[in-house]
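Chemist: What follows is each chain in one-letter form.
4 protein chains.
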Amino acid sequence: MRPSSSGSEPGLFGPVLARGGAADEVTDGAWLSALLEVEAALAAAAADIGIVDRQSAEAVASACADATTYDAGAIGAAAAATGTPVLALADAIRAAVPESARGAVHVGATSQDVLDTAMMLVVRRAAVPVVADLAGAADAAAGLAAEHRNTVMAGRTLGQQAVPVTFGLVCAQWMTGLDGSADRLATVARALPLQYGGAAGTRAAADRRGSELAARLAERLDLRDPVLPWHTIRLPVADLAGALGTACGIVAKVAGDVVLLAQTEVAELSDADPARGGSSAMAHKANPVAAVSARACARRGPGLVATLLGAMEQEHQRAAGAWHSEWRTLTDLLVATGSAAAWLHDCLEHLVVHADRMAGNLTADLRDVGPGDAAALTDLALREHDSHVRPR
Amino acid sequence: MRPSSSGSEPGLFGPVLARGGAADEVTDGAWLSALLEVEAALAAAAADIGIVDRQSAEAVASACADATTYDAGAIGAAAAATGTPVLALADAIRAAVPESARGAVHVGATSQDVLDTAMMLVVRRAAVPVVADLAGAADAAAGLAAEHRNTVMAGRTLGQQAVPVTFGLVCAQWMTGLDGSADRLATVARALPLQYGGAAGTRAAADRRGSELAARLAERLDLRDPVLPWHTIRLPVADLAGALGTACGIVAKVAGDVVLLAQTEVAELSDADPARGGSSAMAHKANPVAAVSARACARRGPGLVATLLGAMEQEHQRAAGAWHSEWRTLTDLLVATGSAAAWLHDCLEHLVVHADRMAGNLTADLRDVGPGDAAALTDLALREHDSHVRPR
Amino acid sequence: MRPSSSGSEPGLFGPVLARGGAADEVTDGAWLSALLEVEAALAAAAADIGIVDRQSAEAVASACADATTYDAGAIGAAAAATGTPVLALADAIRAAVPESARGAVHVGATSQDVLDTAMMLVVRRAAVPVVADLAGAADAAAGLAAEHRNTVMAGRTLGQQAVPVTFGLVCAQWMTGLDGSADRLATVARALPLQYGGAAGTRAAADRRGSELAARLAERLDLRDPVLPWHTIRLPVADLAGALGTACGIVAKVAGDVVLLAQTEVAELSDADPARGGSSAMAHKANPVAAVSARACARRGPGLVATLLGAMEQEHQRAAGAWHSEWRTLTDLLVATGSAAAWLHDCLEHLVVHADRMAGNLTADLRDVGPGDAAALTDLALREHDSHVRPR
Amino acid sequence: MRPSSSGSEPGLFGPVLARGGAADEVTDGAWLSALLEVEAALAAAAADIGIVDRQSAEAVASACADATTYDAGAIGAAAAATGTPVLALADAIRAAVPESARGAVHVGATSQDVLDTAMMLVVRRAAVPVVADLAGAADAAAGLAAEHRNTVMAGRTLGQQAVPVTFGLVCAQWMTGLDGSADRLATVARALPLQYGGAAGTRAAADRRGSELAARLAERLDLRDPVLPWHTIRLPVADLAGALGTACGIVAKVAGDVVLLAQTEVAELSDADPARGGSSAMAHKANPVAAVSARACARRGPGLVATLLGAMEQEHQRAAGAWHSEWRTLTDLLVATGSAAAWLHDCLEHLVVHADRMAGNLTADLRDVGPGDAAALTDLALREHDSHVRPR
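Here the protein sequences come in this chain order: A, B, C and D. Residue numbers for the first sequence follow the numbering used here, beginning at 1 and rising by one. Residue numbers for the second sequence follow the numbering used here, beginning at 393 and rising by one. Residue numbers for the third sequence follow the numbering used here, beginning at 785 and rising by one. Residue numbers for the fourth sequence follow the numbering used here, beginning at 1177 and rising by one.
Calculated directly from the structure, the hints in this document are not laboratory data. Each residue gets a CB set at the ideal place from its N, CA and C atoms; glycine is no exception. Possibly wrong hints are sitting among the right ones.
Just a few of them, taken from the derived set where beta-carbon distance is under 10 Å, the chain D residues facing chain C [stated by the list, open to error]: (1) Gly1259; (2) Gly1356; (3) Gly1386; (4) Thr1422; (5) Asp1433; (6) Leu1480; (7) Glu1489; (8) Gly1497; (9) Ala1552; (10) Ala1557.
Please work from the sequences and hints to get the whole structure.
Modeler: Given below as structure tokens:
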């Protein structure tokens, strides 16, 4: 699986805090493309059911083909007058098509329909590298588990050596957590729904053809066609929040273990990448930069999740603020989770395991104790991992 | 469906903030019973695979049969020395069985095994009334949706009248949110896993029979037998957090709408229960107490979820604090969610709908506009609700 | 300074999660006493300005003298009808005074006035042991700083040994954090305001004498008399949230360091209390239970703070839910912070410092490097600590 | 007071979600300038106490004068190897000065010293427009309070009309909240401390002149010189989090009231700016866009505060992730708070008050009731506001 971790948001902090492929998928350009894609598909779906003519729909599609022909800054500036960029964008599309095709733009839709649906597209794309990095990290953990099936190390509880475990079992547990969080996110991402309700959810502006139109639109965008519009019933956002927050938690657990096992006094793990780990004041140090950065990104998860869950209280047929508060919070959460996953993926692929040190660190009273069923448990878990088909 | 809302935590604030059946399931007594149930099942499972004799297992079962024979206060006080109540409880059980049966107590287990597994039992029981109240609220919403299929009212976006909707469609949307959150919670609750790993997850103290023992124990407790122990891979807690936080969000949305629609100037809804709604300073007021209380409880969700997600970063084989931080946070979240759901269930069952006022409130420019596909959408959603089988 | 840590909430989890004196100050009994105290002071203040007769005020005072004469359960049950326990309590007081004195009960007040003001009293009392334990922990840290002024140990950055520091400086930094958080909380606690506004903040039911009455009431309760009622301007709650959350953060930092320094492989600190630290599965372990428990409690802070800050959005003249969501959240935060502080206080008072191990752990390249200005900085900080007068 | 609200972050969402002057102060360019400013001041302070020569210090100052001569992207990319951009920046400065001046770069400092101190400069600058917009909003509220001293309207509790208040008193209460939050933020912002500790807080690399150097550096940067370095004692960050979260809460309260009072059925307020409020589907609507946007931004506060408080648990002498998690969280919180304040400032300056509607909305049983001491309370509060000197 291709690590997405080569990419990252540019700038002073992006390479640390916005590593991985998600950042690229939530830029203004990505949003603008998604908004245009929804408008184009909406016109095409309207043509499919015969409420606009095909030629007009094609004119709209053509006007929506290239996001770079629109001025995101001007559209954003206009958004300050209405609260969303969609109205100005629809106007710009109308200005870009022949007069005869203007009626084919934004058919029966309200701004929230286009923005929510575009958000689903943005999220689905941004989730791909996040899932890939979680799965890649799981694969790397699986590799370590197999390799260290019999590498005995101290099991530690409350920071104290307790009884022996194997590093293989530790990695297998990391793997199950990473697989589990990748699955949860992939499951949510593949079931993202269309939003199409018109001004207040009744599809009133679609001539009693709204549900047909919605079905065609969902099919064209490969989104789920939900029973009802969900403009203020935010289950899809809550599901994303839960899955992303869970992924952050698992990444933080694994990265935290790496940091602890890399401590000078423990020294059972270290980061192999020679390009990393220097310090401005201490040349001799080899910092576990990848694990530290993974943790830094993952720590942003719970607060962002809380904001999204708090934003579920959305008034009537469109919320007066809570809806708007989702946009940046959700993309920040995607970027933070993706960055955490990308760092951890990289970390686990470059991890150096000091098995001798693992053996040597065992306190005297642990040396004659065996690691129980660690190897058998590891085998079981690896078998499950290998046979696993990721939801997609 | 029986409303659980008759019960509630006693005391000065319990009837407002801890309504519903969940509070009863997370008391010290409930925890103690669950801990004892795990210890009894563990001895029985050990007998099943032949590593302790059946008579001893029965002695343990007998000693664990009645939680009131143990002094929760004394066990809790002893917990201050170890960080958990399990060690003292296991000692108390040992003291309660014949000397010959002492070896059958706490077989191959560590405190966390017993506490985590008991937590799953506690959660599963506490989730029952929460799901029931969410589902009951959904049923009540369905009833309202059917009754008000054609009751036209103003759709409101950003607080402004936008285009007409029907109250039926509004209720149908509430219903889909409530059904969705009940399903999510029920799905998580039925898949809760056993935790059995011994001191550090290797099942070392179970004579290479640990996985057999785990399988029997899971079966006896009707819990899922996971591939690996999850002592520091907290996916089950994250899943609960997500499902409970989502339920809080949906309840807050519905209760918030009721509060808004009950405003003096809107007056489209009111609370029918004559026992409620008085004010100390204003005799003429009829406050929407049930919706207000539902909202109050639901608002606790996001912060508690954030704590649980933040607690996923658990060190090595047992966390030095994060694990302990889950206990009260998770039960508080169950109680808050359950109380929110119980209040909303009650609220929706007693809601008085002022259809005349809904019509009268429509501004002039909305009066000649129809509610689009509202009725057809309502029918679709009700059909789905009626055919729905709740996960269990 | 007397450690408050002897007390704790009883029950299965209280001794771990609700240690310290705060739990005792937020019980139903403590709330009921505070509510009665406000009602008594209100009658007395009304007599002070001559709007009720002194004899009636004394009858009210007498009826409010003993909280145990009221049935918290019955009052709480009645609260389910109105959303607060105050209405039922005022009725019960009226029933307990001669008919002639009934007009002296709840003069010009609304439920929120009494509840908010009582909350300030509850908080002020609960904050005393929290501040005491924070300050006690600071004193213990100061003692360690002085004793270990010249004890060299490894300074660690990102988990790696960096350059030498002294344990004295480490403790001095802990001390400044603990002093700072004790000061912040004490400063907020001594400036808690009266709430007295009547039904909607205009003091309309107090015959144009409301501001006089408020001044007398504030004086009698030793609360600040704010310029305006703050029923929905929740700065006092936000200030408490900030101070308590900050204290949790500092305790978590110090306790986290203790856990890390007590790790088997580091072993520079251990917990001296022989009553603590056992494990159900591992007799040889000496767990740092006090630091672990401190951390567990402190971790609850951020999520609870988020709930309180989120609850600041309170509608009009009384919030429809957000206000009610504060009650338990704020007392939970007090208990969690207090418990964290009590555990840390205890921990630092019993800490065993292994100076030999600190020296021995230094890696070769650190052995010839000095700890810079560590001793001088420690002296400076201790001087500041010693001359410090805690706000009260 | 000049509204800062003319500026805003560009792009598709910036004009809605990142309005006001704060966004400009937290760009990569602003960070880079601040980092360079710290490095220049550090060299100058070192010259002040004679440990580097003045000419070298001036060479450093000259190399640090223009941030545009550095490539933020390249420095950020290099940061991926160390976790912070400071090491690469120090190298770039060294490359930009004569060889003889290289020793004057980054004297005795560690990356965290420079980054934390630069963060204080960034925050202080970003706080200026935030305080200005909070204060501007308070002034606007004061103007409305004076104008509507006697404008009677319904006081509303739990969404129900309760007793009359005046719009003047409502605005006066808004004003006290806004003044209070502006004061809190200004107080914190003017007391921000220097961080200067060297690799592990001992100032070991500054030849026993570290404290002198720190004093001079603090003076040059006009920052507070704290008793001890605070690299892992994050009180300054906690103070900022508390003040910013409090400001978000107050803005949400006021904006929430505006949204409620602008509801179609209430219609007591509306937004005067003719450039705002349109809808893509409903031409007749006049949305309260400024209040809605203020609320959207303010809602991000609690979650971000929780992240910052959670990040206070920083290990030893430099945290392995928690520190890094602060950077973007803190600047996001500044931007969100600033944007909320800018929108609210704008909103209150353009608010249209429909006093006739306020009178007309009063229900029959409220019409003969007076607004108590509302006018007198308003006068008192305005007097306090007028005499108030903002901390600076």
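Chemist: A separate judgement is required for each hint: does it hold in the structure or not?
Modeler: Status of the hints after comparison with the structure:
1. Gly1259: At 7 Å from the nearest chain C Cβ, Gly1259(D) passes the 10 Å test, so the hint holds.
2. Gly1356: holds (5 Å)
3. Gly1386: holds (5 Å)
4. Thr1422: holds (4 Å)
5. Asp1433: For Asp1433(D), the interface hint holds, since the closest Cβ of chain C sits about 6 Å away, which is under 10 Å.
6. Leu1480: Where the cut-off is 10 Å and the nearest Cβ of chain C is about 9 Å from Leu1480(D), the hint holds.
7. Glu1489: OK, holds: Glu1489(D) within 10 Å of chain C, min 4 Å.
8. Gly1497: With a minimum Cβ separation of about 8 Å from chain C (threshold 10 Å), the hint on Gly1497(D) holds.
9. Ala1552: Since the shortest Cβ distance to chain C is 7 Å, the answer is holds.
10. Ala1557: Constraint on Ala1557(D) satisfied, holds at 5 Å.
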